[in-house]
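**Q** First residue of the sequence shown? That's 0 in numbering that gives the first Met the number 0, and the numbers climb one at a time after it.
Worth flagging that the hints you see were computed from the coordinates, not collected in a lab.
Estimated spans, in silico, between C-beta atoms of each pair: (1) Lys6 - Asn97: 51 to 59 Å; (2) Val94 - Met33: 31 to 39 Å; (3) Leu86 - Leu11: 37 to 45 Å.
Lysine-lysine pairs mimicking DSS-like chemistry, simulated, CA-CA at most 27 Å apart: (4) Lys129 - Lys6; (5) Lys69 - Lys126; (6) Lys125 - Lys69; (7) Lys6 - Lys126; (8) Lys69 - Lys129; (9) Lys6 - Lys125; (10) Lys69 - Lys6.
Quick caveat, the model's predicted, so the values are computed rather than measured. Beta carbons: idealized from backbone N, C-alpha and C, even for Gly.
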Amino acid sequence: MFSMYEKLPEWLRWILFLPLFFGIMFAFSFIFRMASSNIVGTFFYGRILAPFVGGAALVYFASRLIPRAKIITSYLICSIWIPLVSLGILSFIAVPPNQGGFTQGELIQASCAFIGSLFFTLQAHKKYRKR
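Produce the entire structure from the sequences given, and follow the hints as far as they go.
**A** Structure below.
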C-alpha cells in the first residue's frame, strides 16, 4: 500500500495525508481492539498493550505517510508524549486521584504510549537517516 502511495505526486500526498492517516489509525485501532481485547486481561490491555501499540502505530503511520521530513515528524509526535508523561508524574505526586490527579493506571498508560512512540521514532530515524 505504501509503495503505491509514494508513487503519487507530492502535492497529492499532502492532500491525502490527514484523511489517510486518520482512516488508517481508526481501522488499525478497531482491528487491534477486536483482535486483542479478549486475549489479555482488561488492565494489561487497557493500560499497557493498547497505549504502547497505539503510540507506536501513531509514529509509524505518520512517518510513512508524510511526504517530507519523516524523521522530524517522528520526533515531533514522540515529543508530544514528554509533557504529558511529565505532567502525569507531577499530578500523580502532587494531587490525589480523588481530587482530579492521575491514578497509577493512567500514569502507566501514558508512559507505555511514550515508550511505544519512542521505539518507532528510533526505528524511523534508523530507516530514513540513510536517505
